[in-house]
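There are 2 protein chains.
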Amino acid sequence: MEDSQVYYFGPGMSKNTLVSVERVGGKGAGLIQMTQLGLPVPPGFTITTDVCRYYYQHEQTFPKALTEAVCENLARLEQVFDAKLGDVRKPLLVSVRSGAARSMPGMMDTILNLGLNDETVEGLSQRSNNARFAYDSYRRFIQMFGDVVMGIPARAFEEILSEFKKEEAVLSDGELREERLRELVVAYKTLIQKVKKMPFPQDPREQLWQAICAVFESWMSARAIAYRKINHLDDKAGTAVTIQAMVFGNLGQDCGTGVAFTRHPSTGENQLFGEYLLNAQGEDVVAGIRTPLPIHGNEQSLQKKFPTVYQELLSTAHILEMHNRDMQDIEFTIQNRKLWMLQTRRGKRSAQAAIQIAMDMVAEQKISKQEALMRVEVSHLDQLLHPMIDPQAKKEVIGKGLAASPGAASGRIYFSPDIAEEKAKLGEKVILVRMETSPEDIHGMHVSQGILTACGGQTSHAAVVARGMGKCCVVGCSELHIDYKHETAMIRDHKLKAGEMITLNGSTGEIYLGSVPTVEAKLDDRFEHFMKWIDEVKTMGVRANADTPEDARIARKYGAEGIGLCRTEHMFFDLQRIDAMREMILSDHEKARRHALEKLLPMQRQDFIEIFKAMDGFAVTIRLLDPPLHEFLPHTQKDLVELSKKIDISLTRLKRKARSLDEFNPMLGFRGCRLGIAYPEIYEMQVRAIVEAALRVKREGVQVFPEIMIPIIGDAKELKMLRAQCERVCSQILIEEKETLSYKIGTMIELPRAALTADDIAQEADFFSFGTNDLTQTTLGISRDDANFFLPKYVEAGIYPADPFVTLDKEGVGKLVQTAVRLGRKTKPQLKIGICGEHGGDAASVDFFAQSQLDYVSCSPYRVPLARLAAAQAALRYKA
Amino acid sequence: MEDSQVYYFGPGMSKNTLVSVERVGGKGAGLIQMTQLGLPVPPGFTITTDVCRYYYQHEQTFPKALTEAVCENLARLEQVFDAKLGDVRKPLLVSVRSGAARSMPGMMDTILNLGLNDETVEGLSQRSNNARFAYDSYRRFIQMFGDVVMGIPARAFEEILSEFKKEEAVLSDGELREERLRELVVAYKTLIQKVKKMPFPQDPREQLWQAICAVFESWMSARAIAYRKINHLDDKAGTAVTIQAMVFGNLGQDCGTGVAFTRHPSTGENQLFGEYLLNAQGEDVVAGIRTPLPIHGNEQSLQKKFPTVYQELLSTAHILEMHNRDMQDIEFTIQNRKLWMLQTRRGKRSAQAAIQIAMDMVAEQKISKQEALMRVEVSHLDQLLHPMIDPQAKKEVIGKGLAASPGAASGRIYFSPDIAEEKAKLGEKVILVRMETSPEDIHGMHVSQGILTACGGQTSHAAVVARGMGKCCVVGCSELHIDYKHETAMIRDHKLKAGEMITLNGSTGEIYLGSVPTVEAKLDDRFEHFMKWIDEVKTMGVRANADTPEDARIARKYGAEGIGLCRTEHMFFDLQRIDAMREMILSDHEKARRHALEKLLPMQRQDFIEIFKAMDGFAVTIRLLDPPLHEFLPHTQKDLVELSKKIDISLTRLKRKARSLDEFNPMLGFRGCRLGIAYPEIYEMQVRAIVEAALRVKREGVQVFPEIMIPIIGDAKELKMLRAQCERVCSQILIEEKETLSYKIGTMIELPRAALTADDIAQEADFFSFGTNDLTQTTLGISRDDANFFLPKYVEAGIYPADPFVTLDKEGVGKLVQTAVRLGRKTKPQLKIGICGEHGGDAASVDFFAQSQLDYVSCSPYRVPLARLAAAQAALRYKA
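So the sequences go chain by chain: A and B. Residues 3 to 882 in our numbering are what the first sequence spells out, letter by letter. Residues 3 to 882 in our numbering are what the second sequence spells out, letter by letter.
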């Protein structure tokens, strides 16, 4: 504790004192800054967060020097203000306020009007010539002190106050007469004596120290701890305490108190925006008992009522913006037409406002383009891109799940993808409701407005696919019970039948009865302009995960620079194709498999032709078949019987085959390149489709850059074998067709062993792409499909700082990513490395990938703008 | 190619020339050594393996200098032998033999009698005064050369030879008269001319160069490549070629040829042991046409027939043993009562012989104790410990699976563990035959002599448990089809009914019809003595994986120094316990769970009491509950109905609960410490049982060292939480009982993330124990239960050098092991680190663990001696 423990602000303070917000908290820093700028701030002093940390490290005691420092600063305050704490004639009143470095709104305590006692209240009365004001202040103080410091529930005081108002037959506190307020003070003091067996402290110094303690104690209140846990704030940071001379907005009709934003926080419009109350103290605005008046706009506005104060406020706002180079959220009090500033801080704003303000400030030359990019939160872009529930709309919440894919969707519920598809064809808006979804439900998901599931987490099939589709989705609603047989569902005590209308809020996870109106997201020119700035700055590429030509077109629209992951297996679930796929799987001989694959070849080729066209000029990374074969087989008796008839295989044989393919842990089973090695004909067909498609579009003038990606590689030898096989097919076609084609063959790094042996694997690979979904599953030993049992609790308990399937686990998976990058580039310094897991669309993860020197991230088309911004911010952060 | 490409051996060679076996091959090295020792060796010279490598690196051409070097050495040979290659009067004949550094018996080619042509054969005839011998040699040469060098199938020559014998009405080649042999030579040459459209080469130099080429070519023959793949030999090593003057064992009745071991290769007895043939050439012994005679023992023996030669052979054997300090396998030829040595190499031997010879040689002061330890192969001990199929017995092989747990077992087959148990109680010897086994089958496995399954690999449940039990087991017999309903099975075309007798060979995977006699393994004093030597040397501890008091007793018998893994869950499968366990699982509330757990507490405590007693003086590492809860629930409708009645839960609720616990990838699911965190009461009960048991036995004077091990830790915070919880329970009991107890709390390292964050985890752990089974599954992304689809092919294709569930994958998993050791000891330099996966019983893995500075390995009780030897060998290897 070498630095000063207490910082004074007020007349005579140095303009050069620099104190970090970490030490004096956000509130203290704002007050010090405003004082230094010569703005009207009631003088005061701030006890640093160091003292709070000391307090908790030393069994709730203060450092020795603190008493003296507080006394000295108090003396200075008294001198400046020409008043004395506890002085009967000229009593100084102070506020004692909490203020941590990171804002924790409403989480910690504040005490106003400290310094009043049975004697000073009289002095205040005489000095203000307003006895009612003095006793109103006194009763407010006792109430606050009793609650915050002495631990008597606020309710107890409220009950007495209500009693008084009832007796007087008045509605508001303000209507109580002075005599009654005097009696109220007595009643409050009696309450305290009764409950605490001790009197309300009359010594203002004792009041002060108890209040300081109480503020420190509130740092460790249950709700403050919970808030910090949720917001990933450090429990050790501590709070500062600011003791400030009171100014009064409740001295009469030429007084008031208010809050304002220097620009509009929803639209971003460059105009002071706020509200104030006449004849009121700060807490009245928050309490919301009286309707506040606007800062400008009507006859009651501050602009009209106090034009001078208004002008001063305007210029103050201007000064603060100039100085802080950002939109500010300010608090002020007017005492007898004099403006006092009580707080300034960075103002929170909507997505739209964030962009508007950032771009305006660039135009105003307040900030640089780079700063503007850092000002917009990545999650803001996400908000902008999805339609939202109209916040004004009335709605009945019937349940809540996990907010898996943002946006809003209304539709009639159906429990079967087939029926959903059928109804959608008739023009109905539908919502697919399932226990969980699987690749076989894709067609039903595709036609739905939104998806609701009872099981699964943020990375369940439903969540991943819905985000990929940019569709609203709520998953893991454990209150949801579905009776497929009777086509009904229960949520809490609501019984829902098929065809009933509900609305999902994918941004909050809420489920509403009926159709709730939504507000469309619109991407204006400003947005496009902003995105251009992003691309000027970012160094890492952003691609999209896109499986269809439609996906590819959307990805282009959102600025994707290629496809980082095209999953070929989704192409096989189409009704016309799945049978050929199944025939292939059920064949016992290579010849029969080849026969079935020949049916798939033209379809797959056509897919690639369209995707290549949509991605003209950009690379398209195509992953060869990855999932275990049993995923393609039907599972119900009915479907099995049907398939048996259709492809003419006995039901017994069909079942036996299906059973033989069943796996205990399919995630770690017979999939990816393991299939490619066992059945070379599958990958051969796929490579043929890719190369033939590429040659076809090339002839049409399309610039095509196919990248063949081989999944689940664990050892360089696997890749060597498959690479040779792919190259053989490619060469054969190129020779046959007398053509040339530039293509790449690379691998996913999605197993720990691949990361650990990346130097060897790089020998065989033209590129790496991290499959962080599987890499997370294997590194953490957590199946994302089964994680719902425990992972939410783990995140809640802080074992993992965030869902590792949403934000990359840097400590574990991140180490493997960096190991693989280091080893891979040791072998090939120019090795192209990307990432195509879900994490490619998460801001914190994108930041990490940029730091890890990746060449690109790939994410779902709808998250491309978000990833672009995150990449730009990372580029600015690490450009040193 | 700076070193000499050719090494001469014979009169006048330097006694100091040192040539590595890598360069001159095993055969060349033996001949050079014997020559240097002054033993009677026909002179010759060896072309190094460098030349072979050059040959393959330079499009099958020789280095320039080779021609000259061969000429020079040939000239020296001719001078020494007073004969000339191709000389009509004094023709030199040579053999051209392959010889790689690592023995590849029978895989490459050899040519004898080279140098003969239509003219030299006459010279040989005159010089030997034996025309029949000369023409016999010539026809042998043409036949061998035609086959090996010219690629004419040996069959073609054999057919002509048969024709001749038929015409003469003789049975053996030796009976053909000289005239007929002359005609045979003509017939052979005609055959060659006809097939190859060129004459048999008459120029001996051309013969020589063609033969050298042929030997090099045989290095890359399909069978040689296959052999090297199976035996993990390097394709790049190449073979040497030895050209040696011929001596003849087929010159008459004072000639012969033979092979011998300097000690008995089966028993280890210190006596020359071998066989010889009169009047024969080397290949006749191998061909096995005539019955060889013993070296000593009867009237026909070498000892009796050629006492001088025998004495010389005895002293030669002695010299070679003295020099090589190991039992030798030698080849010799007797030409006119003169002994010629043709080969010496390390002799292969049985397990028993290996120990006997090693110990005898220590007694004879030939080798040190340390060398003796290195001489016994670890796998030998394994052979010694299991009863074996009598190799003499007649047996009908009806099928073959994977040899999962060595030994032999005969019994009546049953398809249900319950029936197996029932029959065993009646005194029947039974073999459990299942599609696969699960923990619910344990009781049936326990009473069986052996286990046979249709599915699963070397690390399937059946294989692992059987090895743990020291029981013979054959798994993954894909030819086996079971019809549970009718209690029959098909293997190939054998239909087996319940109750039929079969025999399993757990060392080969073979399945025999009926009861095949076995030979008991016996551990004699010699074995015990040898094990004592081991313990003097080894520095790494060896513990056992033991779940029951019986296991613990066996482990002690085999020298385990504690238990490294006691799996508590196996204790719950007992019939009396499983219901309480199920009740606990099916409870919806903590209170109900605690109630059920209270029933389990005394049983679990009793288990620990007995295990602690059996391990008096040693540490016992107890792993808290690990498997997912659904493993404890029944799965068939019948069992579900029964359970529903027994514990009074509606069938619907029971089924719903069972379904809700089902997992997609249970291996990566809700298990291990994740259960402990979700249901603290489970681990609390287990810790209570451990501590109470420890205190109980401590009072009885037992030295008890419990180590509590927490599974599936992925992050230090999990361990921190659970450690605190365990310590709370411990302290509570110790305070209640006014006792002290020294215990440890540690964790398994079985997830990549745990290895990567081992520095943090070490903060909370008293010890680490690698769970290499799960670590292998997650690092490689391979579920061992599902690996059968592809892993065998992977090992065959050389993608993994060995089954990674048998021998630790050093490149991948090994890196994580070493990372965790480094990080863990960075935090706690004295951190105790062990390993308790299946790999603890594999010699190559144990070697790696010793190298990685682990404190101990833990393996199944029956593999303890094996691990002790492997640990001792590693200690010797890395003591530098």
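Source of the hints: derived by calculation from the structure; they are not laboratory data. Even glycine gets a Cβ: it sits at the ideal position worked out from N, Cα and C. Possibly wrong hints are sitting among the right ones.
Said to hold, decoys possible - Derived contacts from chain A toward chain B, CB cut-off under 7 angstroms, selection only:
| no. | residue |
| --- | --- |
| 1 | E720 |
| 2 | P754 |
| 3 | S785 |
Against the structure shown, which of the earlier numbered hints fail to hold, in ascending order? none
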